[in-house]
Amino acid sequence: MTLTRREVEDIAHLARLQITEQELPVYAGNLSRILEFVEQLSAAGTEGIEPMAHPLPNQVQPLRDDAVTETDHRDRYQGNAPVVEAGLYLVPKVIE
Amino acid sequence: MTAAELGRGLRSGRFSSAEVTRHFLERIDHSNARLNAFVTVVPERAMASARRADATIARGEGGPLTGVPLAHKDIFCTDGVLTSCGSRMLSNFVAPYDATVVERLAAAGMVMLGKTNMDEFAMGSSNETSYFGPVRNPWDGTRVPGGSSGGSAAAVAARIAPVATGTDTGGSIRQPAALTGLTGLKPTYGRVSRYGMVAFASSLDQGGVLAQSVEDAALVLAAMAGYDARDSTSVDVPVPDYVAGLGQSMRGLRIGVIREFFGEGLEEDTGLAVRAALDGYRAMGATLVELSLPNLPLSVPTYYVVAPAECSSNLSRFDGVRFGHRCREPRDLTDLYKRSRGEGFGAEVKRRIMTGTYVLSAGYYDAYYLKAQKVRSLINADFRRAFAEVDVLMGPTTPTPAFAIGAKVDDPITMYLNDIYTIGANLAGLPAISVPCGLVEGLPVGLQLIGPHFSEDRLLAVAHAWQRESDWHRRVPPLFA
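Listed in order, the protein sequences are those of chains A and B.
Heads up, the first sequence is in numbering that gives the first Met the number 0, so the first residue is 0 and it goes up one at a time.
Heads up, the second sequence is in numbering that gives the first Met the number 0, so the first residue is 0 and it goes up one at a time.
Think of the hints as simulated: they come from the structure by calculation, not from any bench.
Simulated coverage check for chain B against chain A, where a stretch passes if three residues somewhere in it have a Cβ under 8 Å from a Cβ of chain A: (1) 228-242; (2) 303-315; (3) 366-372; (4) 376-384; (5) 421-428.
Cβ coordinates follow ideal geometry from the N, Cα and C atoms, glycine included.
Please work from the sequences and hints to get the whole structure.
See below:
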């Protein structure tokens with residue numbers, strides 16, 4: 000599996016990662032190596048084998064009562080935000 | 000002195016927590032520049048906790064860890080203290096709450112000295128991916144301490160902290176423990192709450208301990224384990240008294256020796272040290288059975304599909320909006336995301352996010368991600384079959400002792416293969432521990448023990464039996480003795 004620069008650009012865009020022109024060939028090389036390495040999985044016989052998403056058997060998603068358990072920490076949490084105004088997180092204009 | 004010994008000394012009044020804490024803060028002050036083990040040290044906060052612990056002890060209250068200092072890996076959220084996760088992305092993040100692990104160890108009276116360096120977002124096996132620079136191995140400053148919990152490992156190995164927390168997604172507690180001569184315990188998945196532990200790969204991540212002895216690991220695990228409603232994968236299984244169970248006899252114990260762990264790639268002297276430890280168990284009355292887990296060699300490629308897939312999803316939360324690094328003057332929202340993430344993440348994290356994005360993308364999902372999940376089932380079934388025959392599995396923790404800083408940074412695959420013996424336990428969610436079993440040219444190597452789900456009590460007892468027969472765990476790096 001060899002990824003082209005163009006494919007790496009597409010992946011980086013999907014992942015919302017800015018990659019510089021100089022970095023592109025490096026990542027193309029690295030990612031191709033990694034995909035080549037994991038390619039060996041294709042040789043394993045997995046006919047009829049259930050995929051395993053979770054390490055413990057019989058785990059169920061627990062439900063809790065639909066009751067308020069958290070208090071308001073907005074100001075505290077927004078202390079870590081890069082830009083806030085009037086309790087709102089600011090981003091560049093999205094709708095023209 | 001171990002954490003257990005410090006606790007006994009504190010309760011008997013031989014010294015106070017304020018004295019002990021000051022001692023470790025001075026050692027950190029003296030040695031941290033050389034090791035780069037701590038990202039943040041909190042002397043005032045530590046001294047205040049120590050004085051509170053002394054008051055608790057004076058009232059005749061508290062437990063075995065009251066007043067004992069510790070270091071937290073910088074992946075655990077600590078209320079009011081920088082929680083960087085070794086990343087530029089979180090280099091300005093002051094956590095607004097405590098992780099459950101932090102909260103429980105504080106409730107046990109432990110005194111936090113600071114936060115330890117780590118591979119960025121726990122992605123690495125050498126501590127070289129940290130935004131804050133590599134950590135140095137106390138046994139040889141030109142070598143890596145292992146990773147990702149390398150700062151915790153270096154801190155405890157150099158005795159600038161008596162014990163430390165870590166996390167283990169593919170070996171990040173056991174591998175650095177082996178390379179620095181420590182005892183490193185990764186509990187069963189779900190045994191320790193992941194609440195407030197920055198997520199890397201949620202079906203694999205598990206918090207644990209790096210300690211000077213099995214007794215210390217047992218004490219700290221007892222204090223940090225248990226059900227937590229705030230982590231939906233936390234398991235409601237009672238926490239046994241791990242320390243009380245340590246005295247078990249090894250007579251009749253059935254040990255499975257994993258054949259796949261002694262093949263090509265295992266450095267000869269490391270293998271000999273592990274074999275000597277196995278002989279030690281035989282002398283204690285255990286039976287050794289050689290076993291094959293045929294799918295285990297596929298654990299590294301399986302992991303490098305599953306873990307990046309989960310990481311690409313988990314790390315999508317870092318968007319430059321609510322917390323973390325934000326680029327300057329974004330042109331539009333896409334530019335804000337791309338540049339904030341491009342600048343905030345280092346090369347290894349970007350590699351893994353992109354690998355994960357690729358294997359989850361339309362057209363490749365079945366060939367990579369679904370396939371890896373099926374192979375994960377096969378690996379899990381190998382372990383299940385093995386535990387029908389034996390009580391515990393053993394083998395080396397790592398293929399070689401600590402390697403030189405810079406030796407493997409250019410080739411991700413060579414780096415990934417460091418975790419060839421540790422990843423299996425994560426994929427199957429099993430508890431595993433590494434204990435020191437020798438020195439190879441002055442560098443520590445570890446024996447790994449893997450047990451069935453929720454068998455920490457027996458696993459600790461078996462590991463402790465080795466530490467009664469050997470003194471490798473008492474060796475201190477000559478420069479820090």
